[in-house]
Amino acid sequence: MALERGARRLFAVDERAAAFGLYVGQKATDAVALVPELATADADPAADGTALTVLCDWCRRFSPAVAMDPPDGLFLDITGADHLWGGERPMMDDLVGRLAVNGLFARAAIAGTPGAAWAAAHFGACATIIAPDAEAESLAPLPIHALRLEAATAAQVMRLGLTTVGRLASLPRDQITRRFGPAVVLRLDQALGRAREALTFRHPPNPWFARLVFAEPISTSEDLARVARDIALELSGRLEAEGKGARRFDLVFHRLDGRSQSLAIGLCLPGRDAVAITRLFLPLLERVDPGFGVETVTLAAEDVESIIQRQAAFDGSRTTAVQETVAPFIDRLTNRLGEDAVWRAEAWPSHVPERAVARRPALSPPRGTGWDPGRPRPLRLFRDPQAIEAVAPVPDDPPIFFRWRGRPHRVRRAEGPERLAEEWWRHPFEAADPARARDYYRVEDEDGARFWLFRAGLYGADAHPKWWLHGLFG
Amino acid sequence: MSREARLEIMRRKIAAIEAGGAPARAVLAFGDPRIDGVFPAGGLPLGRWHEAAGEGLEIETAVAAAAFVAALIAPLAARGEIVWVMRRDDLYAPGLSGLGFPAESLIQVMARDEAEAQGVLEDALGCAGVAAAVGEVDEIGLTAGRRLQLACERHGGAGFIIRRRPFGGRSGGGAAGSAAATRWKVASAPSQPAPGEPGLGPPRWRVTLERCRGGRPGAWIMEKSDGADRLRLVADLGDRQLETPQPLRLAG
Chain Y
0 MALERGARRL FAVDERAAAF GLYVGQKATD AVALVPELAT ADADPAADGT
50 ALTVLCDWCR RFSPAVAMDP PDGLFLDITG ADHLWGGERP MMDDLVGRLA
100 VNGLFARAAI AGTPGAAWAA AHFGACATII APDAEAESLA PLPIHALRLE
150 AATAAQVMRL GLTTVGRLAS LPRDQITRRF GPAVVLRLDQ ALGRAREALT
200 FRHPPNPWFA RLVFAEPIST SEDLARVARD IALELSGRLE AEGKGARRFD
250 LVFHRLDGRS QSLAIGLCLP GRDAVAITRL FLPLLERVDP GFGVETVTLA
300 AEDVESIIQR QAAFDGSRTT AVQETVAPFI DRLTNRLGED AVWRAEAWPS
350 HVPERAVARR PALSPPRGTG WDPGRPRPLR LFRDPQAIEA VAPVPDDPPI
400 FFRWRGRPHR VRRAEGPERL AEEWWRHPFE AADPARARDY YRVEDEDGAR
450 FWLFRAGLYG ADAHPKWWLH GLFG
Chain A
0 MSREARLEIM RRKIAAIEAG GAPARAVLAF GDPRIDGVFP AGGLPLGRWH
50 EAAGEGLEIE TAVAAAAFVA ALIAPLAARG EIVWVMRRDD LYAPGLSGLG
100 FPAESLIQVM ARDEAEAQGV LEDALGCAGV AAAVGEVDEI GLTAGRRLQL
150 ACERHGGAGF IIRRRPFGGR SGGGAAGSAA ATRWKVASAP SQPAPGEPGL
200 GPPRWRVTLE RCRGGRPGAW IMEKSDGADR LRLVADLGDR QLETPQPLRL
250 AG
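If you read the protein sequences in the order shown, they are chains Y and A.
Taking numbering that gives the first Met the number 0, the leading residue of the first sequence gets 0, the next gets one more, and so forth.
Taking numbering that gives the first Met the number 0, the leading residue of the second sequence gets 0, the next gets one more, and so forth.
Keep in mind the hints are simulated off the structure, nothing from the lab.
Cβ coordinates follow ideal geometry from the N, Cα and C atoms, glycine included.
Some clues are possibly wrong.
[Unchecked claim] These stretches of chain Y come out as covered by chain A in the derived footprint (C-beta under 8 Å, 3 or more residues):
id, stretch
1, 339-346
2, 349-361
3, 378-390
4, 407-415
5, 466-473
[Stated by the list, open to error] Only part of the chain A face toward chain Y is listed, based on derived beta-carbon distances under 10 Å:
id, residue
6, 102
7, 126
8, 193
9, 197
[What the hints assert, rightly or not] Distance ranges between label pairs, derived from CB positions:
id, chain 1, residue 1, chain 2, residue 2, range
10, Y, 369, A, 153, 30 to 40 Å
11, Y, 237, A, 58, 30 to 40 Å
12, Y, 465, A, 153, 45 to 55 Å
13, Y, 224, A, 4, 51 to 61 Å
14, Y, 224, A, 32, 24 to 34 Å
15, Y, 465, A, 197, 53 to 63 Å
16, Y, 83, A, 101, 46 to 56 Å
17, A, 25, Y, 283, 33 to 43 Å
18, Y, 224, A, 0, 49 to 59 Å
Using the sequences and the hints, build the whole thing.
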């Protein structure tokens with residue numbers, strides 16, 4: 000039930016309630032008056048959405064390309080997948096049967112276009128399969144709502160007596176457009192295959208996909224490890240046959256209870272070595288909860304690209320060899336620690352110290368020009384400058400004494416200032432303030448410890464700039 | 000067999016035992032006989048791991064030790080990759096670059112805890128293309144140290160442990176037993192600019208070699224001049240390391 004237009008109304012009815020003549024949108028009081036023993040529950044659209052997402056993931060066992068059609072539909076692109084079940088009919092029966100076993104009533108249809116399949120599933124006979132090029136006659140007897148029109152448009156079309164798709168399709172196109180707007184013609188064309196429709200697949204379709212189904216569900220960790228190797232061997236064989244390698248591998252365990260758990264690994268160089276891929280998956284297998292057992296395993300390769308058989312150059316032999324020995328190590332690290340935990344530094348053209356370093360993936364070629372050796376920079380840079388108490392002659396001298404973390408430091412030598420202003424072009428112009436400039440000093444205390452201090456702002460009539468410690472030199 | 004020949008064989012055996020059973024490997028020479036002379040093989044042995052620590056509160060930032068290690072191993076970058084494992088993300092590449100270290104080719108790794116940092120170090124050193132791995136960790140236990148040693152021996156990579164305590168954390172205890180080939184104590188030393196020049200001179204460190212397997216301890220003041228590819232010996236503190244900072248003034 001949901002609150003709608005000021006009254007509690009039925010949001011959805013099941014088969015038996017429909018048999019009593021209850022319908023969606025009926026007032027709850029009316030419904031209870033008709034059927035006193037009616038069991039009701041509050042509608043929860045968020046939970047419905049989550050359930051649809053779970054169902055969408057579950058459907059990946061049938062096809063890698065599954066699109067959601069909220070609130071209650073799913074599109075599966077089964078192009079090239081139906082032969083695994085021995086045809087379209089067995090595949091649809093399997094899908095509907097499995098859903099029924101889990102207590103879900105589903106209507107399914109197979110057609111050459113998403114629009115025709117939608118119409119047949121919602122308004123056609125049960126489990127329709129529309130042959131290619133037969134969309135027009137199959138849809139003709141269906142009501143106009145089968146075209147996925149907006150409610151207002153559909154009502155307008157109905158008012159003119161165009162109750163079925165066939166009647167609407169028999170009108171000249173320009174008249175339909177003039178009366179009802181372009182959306183009606185577009186929907187008609189999409190259903191009949193005259194216009195293409197882009198579905199947003201939850202997982203992009205991927206030809207690099209392998210699948211293993213088990214007669215008996217598996218659950219022990221040894222079995223999981225073994226199937227991970229088996230499926231990697233299968234996919235890597237196909238990759239090798241075509242001279243390809245992939246940078247990402249997605250291993251999904253489909254459990255008996257319909258949930259699926261996916262593991263992903265990434266490689267910094269495209270690869271297809273089944274042993275190496277399995278080795279990267281093995282530590283992740285602990286995270287898999289097999290529940291009552293796993294019945295299907297799928298492995299998808301993404302970012303597939305051609306592997307060029309590299310040959311060590313005479314002069315560049317070291318780089319190739321190093322890349323080949325270091326790449327597996329980088330892969331192990333990125334998969335264990337995360338992608339942002341391994342990097343190389345790269346110069347970034349900015350004078351602001353925090354922004355002067357960019358990170359690049361560990362195996363990408365260097366392209367930076369390095370940092371200006373004329374500007375000494377500390378070895379350790381604090382992410383947040385630390386406040387210090389400093390004694391410095393006004394207006395522009397380095398401090399002669401400062402206290403950091405409770406310890407006094409008497410400055411023996413100093414260098415500076417190096418004035419760094421903010422990057423005013425990154426903010427609205429009015430927000431720029433010259434008082435935010437920093438004067439950096441490099442100072443050395445009596446023990447030889449070297450610090451990078453700055454004074455934020457300038458001494459003014461009533462301004463007392465603060466001192467900060469931003470980094471330490473070795 | 001003559002007595003001399005037999006003695007020579009025994010000497011070699013003892014040297015091999017002292018070297019930890021591994022055959023003699025390449026060394027990283029300082030290029031100054033006063034430093035290289037204390038090592039059994041005439042330089043810092045590669046295929047081993049070494050430990051460097053700061054003093055006092057410095058162990059929380061470990062900046063002098065890190066700078067010294069970076070300046071020391073810069074020549075190793077030509078032999079392979081260098082990996083730097085840390086737990087706090089405050090290593091600043093332009094600063095490394097200023098010490099003559101090729102910061103843009105350094106692989107930096109952020110570990111979440113001690114065990115992970117040690118695991119990454121081991122993994123890095125077991126990899127043929129890695130010439131050196133530096134880890135900023137609190138403490139290396141005996142077992143972990145032995146594992147690290149085995150990883151170093153596999154491909155002759157050099158390991159460097161920079162002792163660093165997390166900010167505000169408790170110390171993991173002293174450096175009691177350790178499998179390190181050498182143990183260094185590094186502190187900053189006052190710099191000396193060229194005569195007549197204002198400002199700061201090139202960085203200097205007061206370096207104490209506290210422990211050296213098969214060699215002698217020592218203490219020096221070293222400097223990394225701009226443009227030089229090696230550390231320069233400024234003063235040999237020799238056995239006077241336990242005295243008051245008298246030699247420092249001589250050096251400065």
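Hints versus structure:
Only residues whose C-beta sits within less than 8 Å of a C-beta in chain A count toward coverage, and the stretch 339-346 of chain Y has 8 of them, enough to reach three; the restraint holds. Counting residues of the stretch 349-361 of chain Y whose CB lies closer than 8 Å to any CB of chain A gives 4, so the stated coverage by that chain holds, three being the minimum. Counting residues of the stretch 378-390 of chain Y whose C-beta sits closer than 8 Å to any C-beta of chain A gives 5, which meets the bar of three, so the coverage hint holds. Given a C-beta distance limit of less than 8 Å, the hint that chain A covers the stretch 407-415 of chain Y holds, as 4 residues qualify and 3 suffice.
Given a C-beta distance limit of less than 8 Å, the hint that chain A covers the stretch 466-473 of chain Y holds, as 4 residues qualify and 3 suffice. With a cut of 10 Å, the hint placing residue 102 of chain A at the interface with chain Y holds, because the nearest CB-to-CB distance is about 6 Å. For residue 126 of chain A, the suggested interface contact is upheld, since its CB lies about 4 Å from the closest CB of chain Y, less than 10 Å. At about 13 Å, the closest approach between the beta carbon of residue 193 of chain A and any beta carbon in chain Y exceeds 10 Å, and the interface hint on this residue is violated.
Of the supplied interface hints, the one on residue 197 of chain A holds, with its beta-carbon coming within about 7 Å of a beta-carbon of chain Y, less than 10 Å. Between residue 369 of chain Y and residue 153 of chain A the Cβ separation comes to about 33 Å, which falls inside the hinted range of 30 to 40 Å. Checked against the given bound of 30 to 40 Å, the beta carbons of residue 237 of chain Y and residue 58 of chain A, roughly 54 Å apart, lie outside it. Separated by about 52 Å at the C-beta atoms, residue 465 of chain Y and residue 153 of chain A satisfy the suggested range of 45 to 55 Å.
Taken as a hint, the range 51 to 61 Å holds for the pair residue 224 of chain Y and residue 4 of chain A, whose Cβ atoms sit roughly 57 Å apart. Look at residue 224 of chain Y against residue 32 of chain A: about 56 Å separates their beta carbons, and that is not inside 24 to 34 Å. Our hint of 53 to 63 Å for residue 465 of chain Y and residue 197 of chain A is violated, since their Cβ atoms are close to 26 Å apart. Taking 46 to 56 Å as the suggested C-beta distance range, the pair residue 83 of chain Y and residue 101 of chain A conforms, at roughly 53 Å.
Take residue 25 of chain A and residue 283 of chain Y: their Cβ atoms lie about 38 Å apart, and the range 33 to 43 Å holds. Evaluation of the 49 to 59 Å hint for residue 224 of chain Y and residue 0 of chain A yields a pass: the beta carbon distance comes to about 57 Å.
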